[in-house]
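Novice: As they're listed, the protein sequences go chains A and B.
Counted the way my numbering counts, the first sequence spans residues 1 to 487.
Counted the way my numbering counts, the second sequence spans residues 1001 to 1486.
Keep in mind the hints are simulated off the structure, nothing from the lab.
It is possible that part of the hints are untrue.
Stated by the list, open to error - Dumping the calculated DSSO-like pairs for lysine-lysine here, alpha-carbon to alpha-carbon at most 27 Å:
| no. | chain 1 | residue 1 | chain 2 | residue 2 |
| --- | --- | --- | --- | --- |
| 1 | B | LYS1389 | A | LYS86 |
| 2 | A | LYS232 | A | LYS179 |
| 3 | B | LYS1379 | A | LYS86 |
As the list claims (entries may be wrong) - Chain A is faced by these chain B residues, among others (derived, beta-carbon under 8 Å):
| no. | residue |
| --- | --- |
| 4 | ALA1064 |
| 5 | LEU1095 |
| 6 | PRO1101 |
| 7 | TYR1102 |
| 8 | SER1297 |
| 9 | ARG1322 |
| 10 | ARG1327 |
What the hints assert, rightly or not - Anything over 10 Å on all C-beta distances counts as not near chain B; from chain A, calculated:
| no. | residue |
| --- | --- |
| 11 | LEU58 |
| 12 | LYS95 |
| 13 | LYS420 |
For each residue, glycine too, the CB sits at the ideal point set by N, CA and C.
Take a look at the letters that make up each chain.
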Amino acid sequence: MNEQSAHAGWEVVIGLEIHAQLATRSKIFSGSATAYGAAPNSQANLVDLGYPGVLPVLNREAVRMAVKFGLATGSKVARRSVFARKNYFYPDLPKGYQISQYELPIVATGTLDILLDDGSIKTIGITRAHLEEDAGKSTHEGLGAASGIDLNRAGTPLLEIVSEPDLRGAKEAVAYLKKIHTLVRYLEICDGNMQEGSFRCDANVSVRRVGAEKFGTRCEIKNVNSFRYVEKAINYEVARQIDVLEGGGTIVQETRLYDAAKDETRSMRSKEEANDYRYFPDPDLLPVELDESFIEAVRQTLPELPDEKADRFCADYGLSRYDALVLTASRDLADYYEAVVSGSGGASAAKLAANWVMGDFSGALNRDNADVATARVSSAALAGLLARIQDDTISGKIAKEVFEAMWAEGLSADAVIEAKGLKQITDTGAIEAAIDEVMAANPKQLEEYRSGKDRLFGFFVGQTMKATQGKANPAQLNDLLKRKLAP
Amino acid sequence: MSLHTLSVAELSASLGRREFSSVELTQHFLDRISSSNPALNAYITITAERALADARAADQAIAAGTAGALTGIPVAQKDIFCTDGIRTTCGSRMLDNFISPYDATVVERLAAAGTVLLGKTNMDEFAMGSSNETSWYGPVRNPWDLAKVPGGSSGGSAAVVAARLAPVATGTDTGGSIRQPAALVGISGIKPTYGRVSRYGMIAFASSLDQAGIMAPSAEDCALFLQAIAGFDPRDSTSVDRPVPRYSAELNSPIKGLRIGILKEFFERGLDGPTGVLVNAVLDQYRALGAELVEVSCPNLPLSVPTYYVVAPAECSSNLSRFDGVRFGHRCENPRDLMDLYKRSRGEGFGSEVKRRIMTGAYVLSAGYYDAYYLKAQKVRSLITADFKAAFSQVDLLIGPTSPSPAFDLGAKVDDPITMYLNDIYTIGANLAGLPAMSIPCGFDGHLPVGVQLIGPHFGESRLLSAAHAYQSVTDFHRRIPAAYV
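Okay, chain A solo, but in the shape it has when bound (with noise of 0.2 Å):
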């Protein structure tokens, strides 16, 4: 069903807030790790606690990681970009303030191309990206009635990628967002682990009549942790606000949470309770400057993007916009896909090797949760099976079979093949007498197919692939098959 269709007169109006955390092996400010998972407190050294008398020093790679960003997505990196202190108490804010950027960003006005469900290309535009340090937890487990603060996280650096209010739905929110997601990993910026907290959304949703020009009031959905999530959030919150209208309510501009269990929003903190950051240059912390040969230099180290990998691998290998799509959504999926594809006789098993990358290899790959770089079966071994397929030494039904053993127990094509005898019978007196066998077994289904019931033709093909032990080359049985029926 259409988006708009569901919601009849009304338009959804949707922003995005994405965080990625930068894959720095430091912080943005201080020398602690960043790593995730590490015993409380254990990666928090005295700028992390914000102890008195110490200082921030900014980590250039997370200013690197930044440009990059921008680079990739045609904004404007910002010449001159400026540090402010967001102001506000919480325990796990060590300073009472976030350092974060303000009114100069290191980032500003870029788009992002998404592919809507009927195929079409939507440009959404990227209000600005700034850095800013992440805040650490608060944990209430095993403490009894007591509170704990872990600072690991604090000051970890973020990206906190803004967009316009262009998505106009749950789905092409999540594209965006899934766009995002692909294009942080291939320019090895953020680790893209939505579990761990290291790529996170906030998304601004808002509805208003069709044809109104005036945005209607929003509200705030904080940190929605999976794609199916925020699709669910959003929808939910829509209903919500279109129900509150309809019924002849006003929407509160507020802060709502999403609860996956019960498939809700609740409301935070209105904007009557939001804070007054007090937002002022951090004083601490010099303009960031940058210069032309610093940029180019970040510019030489992009990777092919997505679109352009996408375009590069219809072109090439004459794939549909939607595989070259799949395979191109990680990094890693398209290098395997390539390498399996020049493993296996080039752009002719290009449709073949997509049909497998897409189809059998990412299948296993979820159902043991596992990814590309730990994959029990190589780009070459995958290769390897595919070309068996090619010269004819085991059908694609067969070759099913060889991958799930190769996947179990770590071996070649070639050895799977051997060991359980698999090779295909294109051996035309072996085949014949087969189907001989199967004739003279089955006289009455014999007669009656002579007599005219064609359909029974599947049976005696599933017989003698039965008799072989669906060793038979299928196009050579089905030939000889049709040439003994024949009365």
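We have chain A; now place chain B onto it with these hints.
Specialist: Chain B alone, transformed into the frame defined by chain A:
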């Protein structure tokens, strides 16, 4: 022998010749501290054991021939500098229980230079004050007259040097906190260029204005110690990576032909009393030394005080947010909930002047007022900086009074913050523009010392020190010691 009357250079030479040991020298100052500090209240913490250990190490270095110019010289640290394993209070109840787990860069460098840490000096709470009366540890008294204030915020450092309870002390200057107390107790004090000395480990009051410096009897002593603390520090992004001149070697640079600007705005109003007379006498002295004196104007300078009292509180309101009772410092008893913890910990931990500035700062940064106050103040700040820049295209140094009057009575201005703030009228400009400035003693108003201020262009410390040294070569005000401490 009166070890406490010797200059740093003399002490260093005598230590080198083994005329006395650093342990003996240190013990001499510790004895003076024991007898005099109770009345002066100038030290918050006396680190006698640490001092003697430092002194023994210094004596070994001297014996081993590895000593530097400052090895074995005792020093007092303003209690705003974090000292590893030693209580660092910043003059506040908030940090009464705070043992710093690390050394400030200034502390680290002075330790590396072989100096001996005598203790931590009293100060206005979080360096907010001009009389040392806002300290949680009570006011420091002026060694020249115990009924008078020593100035602030580095009042403890000023008093220990004036009373010779330490040969040298560190100070910090955000709006005059080294120069004004130096003037009020009759010693020399230098606030270097912003970025010349690392702020790492110096508890922040107003980050864009704070600068560490040296307080000592003479410019010569200041030069020796500034040498040890100046220079780039990668841990402070605002410290400047630029070579440090050899201050002592340049101390005798010729003064003949030096162009000194008489800051018109400083002499126009309120300088007709004894302070004005004394400062004018300094102008004559410089003329006699061969300097050329010309009048220059910084027309926006009279806006310094209101500008400062927007910028500094704004930064302090944010800098002091980390004192929340959660990780360190004062925490209230039995908080009911988080808000109660914040409110009572901060309410009990901070004194009224600190609270006044936090509230002022939060106000000037708040939505709807930011443009009218903070942003406007930053614009005026740029104008003042530009005025100074224009002035320094005509002259090498600027001269003016340090403080409108000599030391005033304890309690005289505590209930009138505006009058108190006007004490900084001559000193704030250099902070707003990030310029180096120094106060040196230039005479007495009755029994109370008066200071004169020299302001230099960015990184002009060497010129400031040599000009001050030239004056001190022909005067002896910097050698005067209050009778009770001779």
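Novice: Between LYS1389/B and LYS86/A, is the straight-line Cα distance small enough, at 27 Å or below?
Specialist: violated, 33 Å
Novice: LYS1379/B and LYS86/A were given as a pair; does the straight-line alpha-carbon distance stay at or below 27 Å?
Specialist: Holds - the C-alpha atoms of LYS86/A and LYS1379/B are around 21 Å apart, at most 27 Å.
Novice: Once the shortest beta carbon distance from PRO1101/B to chain A is found, is it less than 8 Å?
Specialist: holds, 7 Å
Novice: Quick check for students: does the CB of LYS95/A sit more than 10 Å from each CB in chain B?
Specialist: violated, 5 Å
Novice: For the restraint on ALA1064/B, tell me whether the closest CB of chain A is nearer than 8 Å.
Specialist: Nearest chain A Cβ about 33 Å off; hint violated.
Novice: Should the hint that ARG1327/B touches chain A count as held when the rule is a Cβ pair under 8 Å?
Specialist: holds, 6 Å
Novice: Is it the case that LYS420/A keeps its Cβ farther than 10 Å from each residue Cβ in chain B?
Specialist: holds, 64 Å
Novice: Checking the smallest CB distance to chain B, is LEU58/A really beyond 10 Å?
Specialist: violated, 7 Å
Novice: Does ARG1322/B meet its interface restraint, that is, does its C-beta lie within less than 8 Å of any C-beta in chain A?
Specialist: holds, 4 Å
Novice: Taken at face value, is the distance from the CA of LYS179/A to the CA of LYS232/A at most 27 Å?
Specialist: Holds, at roughly 18 Å.
Novice: So, TYR1102/B near chain A? Judge it on the closest CB pair being under 8 Å.
Specialist: holds, 6 Å
Novice: Can LEU1095/B be said to touch chain A, with a Cβ gap under 8 Å?
Specialist: With a minimum Cβ separation of about 7 Å from chain A (threshold 8 Å), the hint on LEU1095/B holds.
In terms of the numbered hints stated before, the structure departs from hints 1, 4, 8, 11 and 12, listed from lowest to highest.
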